[in-house]
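S.K.: For reference, the chains in residue letters:
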Amino acid sequence: MVVVISSHKDPRRAGRQSDEAVPAPGKAAASSEFEALALPHLDSLYRTALRMARNPDEAEDLVQETFMKAFRSFATFEPETNFRAWLFKILTNSYINRYRKQQVNPARTSLEDIGAFLASDEAGEAAMEPAEAPAMVEAAMDERFDQEVKHALDELPEEFRQVVVMALVEGMSYKEIAGALECPLGTVMSRLYRGRQLLRRRLGDYARAMGYRDDAAEAAK
Amino acid sequence: MTADCRWTRARIIAGLDGELAVADREAFEAHLASCPACRAAADGEKALAARVRAVGRAVRAPQALADRIRLTLAEAQADGPATEASRPGPRRRALPRRALGWTLALASAAAVLLVVGSGVFWPGSGRGLVAAMAAEHYEHSSGRAPQLLDITSADSAAIEGYLSKELGISVKLPSSAFPARRGATCCRDGKQSMGLVACFCQRRSHAVTLFIVRSEGLSLRGLEMVQRDGREFWRGSAEECRALLWKSGPVCYAVVGEFKDPADHLDLAVRTAVALEARPGQ
Numbered sequence: 057m058v059v060v061i062s063s064h065k066d067p068r069r070a071g072r073q074s075d076e077a078v079p080a081p082g083k084a085a086a087s088s089e090f091e092a093l094a095l096p097h098l099d100s101l102y103r104t105a106l107r108m109a110r111n112p113d114e115a116e117d118l119v120q121e122t123f124m125k126a127f128r129s130f131a132t133f134e135p136e137t138n139f140r141a142w143l144f145k146i147l148t149n150s151y152i153n154r155y156r157k158q159q160v161n162p163a164r165t166s167l168e169d170i171g172a173f174l175a176s177d178e179a180g181e182a183a184m185e186p187a188e189a190p191a192m193v194e195a196a197m198d199e200r201f202d203q204e205v206k207h208a209l210d211e212l213p214e215e216f217r218q219v220v221v222m223a224l225v226e227g228m229s230y231k232e233i234a235g236a237l238e239c240p241l242g243t244v245m246s247r248l249y250r251g252r253q254l255l256r257r258r259l260g261d262y263a264r265a266m267g268y269r270d271d272a273a274e275a276a277k
Numbered sequence: 013m014t015a016d017c018r019w020t021r022a023r024i025i026a027g028l029d030g031e032l033a034v035a036d037r038e039a040f041e042a043h044l045a046s047c048p049a050c051r052a053a054a055d056g057e058k059a060l061a062a063r064v065r066a067v068g069r070a071v072r073a074p075q076a077l078a079d080r081i082r083l084t085l086a087e088a089q090a091d092g093p094a095t096e097a098s099r100p101g102p103r104r105r106a107l108p109r110r111a112l113g114w115t116l117a118l119a120s121a122a123a124v125l126l127v128v129g130s131g132v133f134w135p136g137s138g139r140g141l142v143a144a145m146a147a148e149h150y151e152h153s154s155g156r157a158p159q160l161l162d163i164t165s166a167d168s169a170a171i172e173g174y175l176s177k178e179l180g181i182s183v184k185l186p187s188s189a190f191p192a193r194r195g196a197t198c199c200r201d202g203k204q205s206m207g208l209v210a211c212f213c214q215r216r217s218h219a220v221t222l223f224i225v226r227s228e229g230l231s232l233r234g235l236e237m238v239q240r241d242g243r244e245f246w247r248g249s250a251e252e253c254r255a256l257l258w259k260s261g262p263v264c265y266a267v268v269g270e271f272k273d274p275a276d277h278l279d280l281a282v283r284t285a286v287a288l289e290a291r292p293g294q
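So the protein lines, in turn, are chains A and B.
Heads up, the first sequence is in our numbering, so the first residue is 57 and it goes up one at a time.
Heads up, the second sequence is in our numbering, so the first residue is 13 and it goes up one at a time.
Just so you know, not all the hints are guaranteed correct.
[As the list claims (entries may be wrong)] Ranges between beta-carbon positions, derived for each pair:
1. A:G227 x B:A35: 20 to 26 Å
2. B:P48 x A:N111: 42 to 48 Å
3. A:I152 x B:D16: 37 to 43 Å
4. B:A45 x A:D210: 20 to 26 Å
5. B:D241 x A:N111: 37 to 43 Å
6. A:Y155 x B:S46: 45 to 51 Å
7. A:D261 x B:V238: 48 to 54 Å
8. A:M266 x B:A70: 18 to 24 Å
No lab work stands behind these hints: they were computed from the structure.
Virtual Cβ for every residue (Gly too), placed ideally from N, Cα, C.
For reference, chain A alone in the conformation it holds in the complex (with noise of 0.2 Å):
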């Protein structure tokens, strides 16, 4: 091997060379293809990534990870179903595979749904008491507040976790987020509710501590 140290001997190599680093049109048209579809869907994919995982360097790999799956398995996409949803489903297995072998079986109800769930006592409690509100709405518009919400969804059990991300971060319909993670749509809700109420138990003892005040006797007008 011959080595010669200092490209400046030959100053034109290097223009060139960016010419050649592009890959060829053709070539690429199925690769664009799939980019075009799935690349909208990065920021949302690295965002659930990085609070699922907790850590960016392992986000970024479990986004690529994904990625390169679904690149491979495009062909098996069915165009009628959702594909954000599909490539939830991808990074929530990798994710899996990654870091917890067994997973926590989201698929053992197979009845529930919305209506269920709605009726159930847990519904009920998952909501805010009126007397609560009026902090929440204060302490919610001052920028002191972001870095306990970071903390607080990172502190959320990995279950709970994802389906608030999924939801409440990314938007993402309660269908969607039960096709990402294979479970029932009544399992997507109890985790979300479940979620929602540590997350707004763990802000609200924040924003009293911060001094915004609970207005019971405004609220029980």
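Please arrange chain B on chain A, whose structure you already have, making use of the hints.
M.R.: Below, chain B without anything else, positioned relative to chain A:
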């Protein structure tokens, strides 16, 4: 609290998420319109949700990740239909067997990575990935499965000694510039003691001096050129180099490190260049 209130409270989250059936939605809205307490509860829930959303959405994927994904997709495309899904990183074109490169990396936790040969490594998300990349590269270049050997030391002198003995290369690591944890992954293939050494590192945002020995198909766009002792070095963020290095030709050297002072980094690159030039048989 009336039965209507209880009914409504149970539906606040689904209602705000737009997940109620049409009939329920009407009753829900009607109740909120007439009941200040439930409306307050909904407002609180809405404010909290908005804050969490704003905080969550402030995070964007790094541009370099997008670049890397585009590149790896193009690579995968060039590879044709692939069935393997278990590789730790992007798949690469099969390299000619004759391109038996030798690759060495000088290591510390925050990383000095020096790459020579037909493949390129970069700081990954930890030693596992780097070791996997090292192994993948070595298989590509030599066609043999390597034996990976990790050396970990908090003592840069010990790593220098090891590199000097195993690689016959003398490089001084600027000890003050590195955090406490250091290490290297060494790759052996039996009788040949040294295949490559790759660093493992903890973080991604390393300063990089890319030290080009001879390269084909390597675009240097986006990198800053620095001259020193008659040699050219190219500098950029680890991410910029990482993206570029995917397209690198058969021979390319990179020194990747995290240094307080960029001059230290360049010093190391120069010393490495000198040491490589002095290496017999190259």
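S.K.: Look at each hint and say if it fits the structure.
M.R.: Here's how the hints hold up against the structure:
Checked against the given bound of 20 to 26 Å, the beta carbons of G227 (chain A) and A35 (chain B), roughly 24 Å apart, stay inside it. Between P48 (chain B) and N111 (chain A), the C-beta spacing of about 44 Å keeps the proposed range 42 to 48 Å intact. For I152 (chain A) and D16 (chain B), the Cβ-Cβ distance of about 42 Å falls inside the hinted range of 37 to 43 Å, so the restraint holds. In this structure the supplied range 20 to 26 Å is violated for A45 (chain B) paired with D210 (chain A), their Cβ-Cβ distance being about 37 Å.
The hint said 37 to 43 Å for the Cβ distance between D241 (chain B) and N111 (chain A), and at roughly 40 Å that hint holds. The supplied range of 45 to 51 Å is met by Y155 (chain A) and S46 (chain B), whose beta-carbon atoms lie about 48 Å from each other. Between D261 (chain A) and V238 (chain B), the C-beta spacing of about 53 Å keeps the proposed range 48 to 54 Å intact. For M266 (chain A) paired with A70 (chain B), a C-beta distance near 20 Å keeps the hint of 18 to 24 Å intact.
Hint compliance for this structure: hint 4 alone is broken.
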